[in-house]
Amino acid sequence: MDIVVENLSKSFGSQKAIDSLSFQVKRGEILGFLGPNGAGKTTTMKIISCFLFPDAGNVQVGQYSVRKHAARIRQHIGYLPEHNPLYDEMNVIDFLHFIARIHNIPRYKITARILDMLRLCGLEKEKYKNIRELSKGYKQRVGLAQALIHDPEVVLLDEPTTGLDPNQIVEIREMIRMIGREKTIIFSSHLLTQVEATCNRVLIIHKGKIAADGTSAELRRTYTEKLLRLVVEGGNTKAVFDLLAGIPDVDDVEITEENSFRIQAGRNAPVEKDIFQLCEANGWYIKELVPIEERLEDIFRQVTQSS
Amino acid sequence: MRTIGILIRKELENAFNSWAIYTGYLLFFCVCGFACWLSPDNVFVLGQADMTPFFTVINWIAFFIIHALAMKSVADEKKNGTLELLLTKPVTTSQLLAGKFCSQLIIVGIALLLTLPYYFTLMGLGAMDHGAVLLGYFGLILTSACYISIGLFASSAAKTSISAFFISLGTGLCFQVLFGLLASQIHFGPVADLFGFLSLSEHFESLNRGVLDTRDVLYFLSVIVLFLALARLYVNKYRY
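Line by line, the protein sequences are chains A and B. Note that the numbering used here numbers the first sequence so that position 78 is 69, with each residue one more than the last. Just add 1 to the spot in the second sequence (first one is 1) and you have the numbering used here.
Read the hints as simulated data drawn from the structure, not as lab findings. Note that this is a predicted model, so its numbers are computed, not measured. Keep in mind that the hints are not guaranteed to be accurate.
[Unchecked claim] Listed next, the stretches of chain B that the computed footprint assigns to chain A, with coverage defined by at least 3 CB atoms under 8 Å from CB atoms of chain A: (1) 11 to 21; (2) 69 to 83; (3) 87 to 95.
Think of the CB as a built atom: it goes at the ideal place given N, C-alpha and C, for glycine as much as any other residue.
So that you can see chain A by itself, here it is in the shape it has in the complex (with noise of 0.2 Å):
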């Protein structure tokens, strides 16, 4: 199932959360929302999930509309909410049976449906306990195994990475990748590489509004300078730093060490061409002229902090 969102707005108060927001996510698409607190990530996502209602604008799960077909989307939608809320009284099982039975999965399947969630949530050896002994990163499995458990087409997880150990957390990023190749994920989270390392498209949204859309590679092209490492010798380090900053299309210098230098210029200025050009004019010869790659956390900084 395709997610098209289309002019979304929602206010709470005075305070604008998302504004005339416009994406869309095709299946077997892993989108990764990214965006600094407050940017509208979670409403947006309640949004989609049928739990908060629109000001303006629509959503569109498949053929369904928010607005019309709430009913229709929960059953196609597997929701992990920000801070995982769970019935802690409950044990592990009675509680996935308490979903699988509102899910409407037919009673047979209910038991299959449970071990399968168990095992892939790695749950076995807790299946019995109560949800309020579970430790954080157990829970946070509880949470995934009932947004998992109908087996939906459209799975949005609010930041299902908080709070779990970097074995977890990778462990929790094959899962996603697994079942992000036949079905829809939004997957929001605050670790960038995680992110980058998981999701086959990024939207960064700040304010309420797209601030970045694209895959990783395409960000690093669109949104990004380009940045290069110099080395040279056979000259004074301060007279290099002169010249190279006195190039027109070099936007900064910065001297790293000895005789080396980060270059940042216009992504598709002919900065090395004048490098060369000046090198050879001095008689200094260079050693070293590498790009540098941009991480995502320099874009999101970069466009979050623009606007």
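Start from chain A and add chain B according to the hints.
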């Protein structure tokens, strides 16, 4: 209906898995037993095989206990975020409230069922008006249902369960005592009639006396529907 059934089962399982419900039952029977058999106005003093005073006592105990029972029903779901969990599953607000209402009515029904030995004992002590007893129980179920719907409304409107308890108790007291008092203070006129009609205890007493009047039943049903509708409004308000 199926969803409501699943919700009722879950609510009852959770309720009977905790000590609170058994403490509530114990308190209920201690006070009932004391009022019926040991207090200065006990059945032996009255000298009649009559359950009317006993029903009035049960009504008052139920009044306090039900508000405590209902106070956390929706407020806690909101606080823990499980309201979000349930309402993003194929469950509507009406089904959620119906599940909570019915499960609490069943809990109260069980308490009332356990007072049947009083009836059998009194039956052995003298001639009883069975019709009046039946109507007395019917009246208790209806008033309890009213308290539950008021409790659910307060729980939906409040942020915490303790504030829900006070809102529910205050609203309940208006219907139970205040409207009746106002009616008797004003004495005559349409305003007095209006408050007299709004008083829950007046309608309960009428049933308790053994008079089945459709106006009383309609009154109880209207109060139940009104407060459940308000509860639904408040839960949904949280989502707009």
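Could you check the structure against the hints above and give me the numbers of any it violates, in ascending order? Hints that this structure does not satisfy do not exist here, as all of them hold.
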